[in-house]
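**Student:** Taking the UniProt record's numbering, the leading residue of the sequence shown gets 1, the next gets one more, and so forth.
Just so you know, these hints were derived from the structure itself, not from any lab.
Check the hints yourself; a few may be wrong.
Said to hold, decoys possible - With a Cα cut of at most 25 Å, we get these calculated BS3-like pairs of lysine-lysine:
1. Lys512 x Lys500
2. Lys278 x Lys245
3. Lys200 x Lys213
What the hints assert, rightly or not - Now the in silico label distances, taken between C-beta atoms and shown as ranges:
4. Asp187 x Ile429: 39 to 47 Å
5. Lys671 x Asn281: 23 to 31 Å
6. Arg536 x Tyr289: 14 to 22 Å
Note that the Cβ used here is the ideal one computed from N, Cα and C, for glycine as well.
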Amino acid sequence: MDVVYNPKDTKKEDSCSCGEHNSCSCSGHEHHGEKVSNVNNIGRKQKEKTRFSEMPKEKRKLIMIITAIFFYGAGILANQFGVQKSVYIALLAIAYIVAGKDVFKAVFKNISRGNFLDENFLMTIATIGAVLIGEYPEAVGVMLFYNIGEYFESRAVNKSRKNIEELMNIKPEIAYVIENGEIVEKDPDDISVGEHIIVKVGDKVPLDGVIVKGKSRFDTSAITGESVLKSIGEGEEITSGIINKNAVVEVEVTKEFSDSTVSKILDLVENSVSKKAKTENFITVFARYYTPIVVALAVAVVLIPTFVLGQDLSTWLYRGLIFLVVSCPCALVLSIPLSYFSGIGVSSKNGILVKGSNYIEALKNVDTVLMDKTGTITKGVFEVSKVNVNGDFSEDELLKYAAIAESRSSHPIANSITAYCKGKVDIDISKIEEYEEISAHGIRLIYDGIEILAGNDRLMKSKNIKFNEIFAATTKVYIAVNGIFCGSIEISDKIKPGMKNTIKEMKSVGIKNIVMLTGDSKEVAEEVANEIGIDRYYSELLPNDKVDIVEKLMSENSESSKTAFIGDGINDAPVIARADVGISMGGLGSDAAIEASDVVFMTDEVSKIVPAIEIARKTNTIVWQNIIFAIGVKVLVLILSVLGLTNMWVAIFADVGVTILAVINSLRILKYNKK
């Protein structure tokens with residue numbers, strides 16, 4: 001049984017999910033390499049074949065099973081009614097050959113590569129051994145039920161593949177491009193930036209762009225996990241992968257498909273299989289040694305009682321053959337990676353991109369979450385709330401100097417000041433002679449021979465400016481001209497709706513420590529923390545301080561506890577990279593954020609940490625259920641075999657039956673729904 005599980009484009013004859021090449025104890029049955037197809041093959045359809053050899057493999061397998069059952073049943077009935085033994089044996093032989101055809105082909109193919117210890121070889125030896133000791137019906141029955149199990153196992157895995165593909169079915173197949181006044185169908189890969197496309201009602205948006213004509217409501221659930229339709233109109237950006245539900249719109253393409261949201265999501269999910277959890281690595285090592293050990297035990301079970309203790313050869317040979325039947329760890333090698341990939345798939349469906357099963361494993365142990373305040377807890381949309389003028393300066397003068405100072409900055413606070421000053425004062429930025437952004441302090445510049453300082457209290461103190469410090473729970477920008485303080489501007493930022501409830505939900509899933517980090521004043525930090533229910537916060541931080549605090553809190557945690565940091569992905573790359581689980585919000589806009597992050601939330605909702613942890617924990621529970629069940633059943637059958645309390649029928653269940661049940665159990669994660 002080949003239990004290859006790799007959503008990436010992997011040659012099935014060269015590798016298997018336990019990481020070995022051409023020597024894996026689980027490789028062999030060539031058709032099983034397609035149980036779980038490449039993520040890139042989403043939506044592809046196989047053409048219907050007419051000849052038997054070209055039929056879909058499941059259908060061909062079913063016909064062979066039915067044929068084998070017919071001859072097996074005929075042989076059993078022939079024996080019951082006293083028909084000649086040669087007829088009875090001939091009917092069972094036909095059933096055995098029909099049922100074992102694919103197994104025998106795989107055996108010869110693998111032997112030619114030097115791979116003996118695969119399940120096909122072991123199953124063949126076990127059934128031939130049963131024939132040699134006269135257990136004809138059991139030999140044929142085991143081969144037949146092995147194939148029946150393989151059939152249902154293949155169906156179960158194909159079902160899982162289909163479910164995962166449906167979760168990831170966000171790639172549009174065609175786009176409607178406007179060329180010379182006509183609408184032409186094109187592959188999204190062939191469309192360039194600047195071209196105009198039509199998105200019809202019911203169609204997926206094929207590429208990222210801006211709506212230039214029309215307005216509609218869109219189903220964004222495939223990207224963000226949100227079920228509420230979103231209204232998008234002229235001049236607004238639109239994301240590939242979402243579905244138009246209301247009216248036809250015309251879109252100007254702003255990104256080629258390779259740079260689109262859909263392409264980045266598919267790449268992240270596809271590449272996630274390369275980052276394996278510790279549990280997966282354990283299974284890799286386990287699979288490498290399990291089969292040889294059990295085969296060696298099978299030989300010992302036959303030889304020691306027979307030649308050392310002088311007991312009956314046929315009795316112990318039969319018990320040794322049972323060892324061979326259960327000697328492949330296929331249930332583990334197939335179901336464990338499938339469980340993790342199902343977890344990654346259902347996370348994506350909920351707007352959570354997890355970059356590897358190792359991060360699924362880490363998420364389940366998160367009990368400390370640190371969050372940046374601005375843009376994460378708050379909206380990050382600043383508004384001027386108060387202007388404080390000092391001395392002989394007028395408000396217009398203060399606003400003019402503030403607008404000049406912030407004119408070259410892209411910081412959200414600077415944008416709020418320039419937006420407020422627009423229309424109130426006139427400035428000529430060509431008169432700026434020197435310009436310097438001082439990290440964690442503010443701005444210094446020379447404008448038409450005048451020195452202007454704009455920043456926080458640290459900037460004023462470092463320049464020995466006497467100023468009127470404000471202790472209100474707002475963000476303050478102090479302005480000084482030629483060393484004289486001329487006033488301040490207070491900026492406010494609103495807390496995101498539902499943050500208080502989000503904090504409660506985080507605590508309900510076992511997050512013990514929720515910490516807010518901010519460069520703002522203690523007054524601002526305290527007010528926000530009290531409003532949403534955070535017990536611990538750090539204020540007035542410099543950029544490097546955040547990394548130090550993350551490292552400090554990580555050192556305080558036990559080895560099994562993990563620390564996550566959630567940021568907006570713009571200025572938080574160093575601390576995102578340092579945390580056990582670095583999480584950026586707001587989708588795929590920043591390549592630096594994607595590179596630094598372990599998890600990406602497709603919306604700017606902190607609340608997605610709750611389903612992320614719930615999915616991770618449910619995935620981990622299923623993984624360990626499968627491990628304990630598979631190993632437990634196999635060990636039990638081996639013990640019962642030595643004691644003579646079981647037979648090959650039970651052994652075949654311990655192999656194929658357990659695999660089917662483990663695969664079905666792995667699919668339960670796909671039914672996750674946030675409470």
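**Student:** If you test the structure against every hint from before, which numbers come out violated?
**Tutor:** 2, 6
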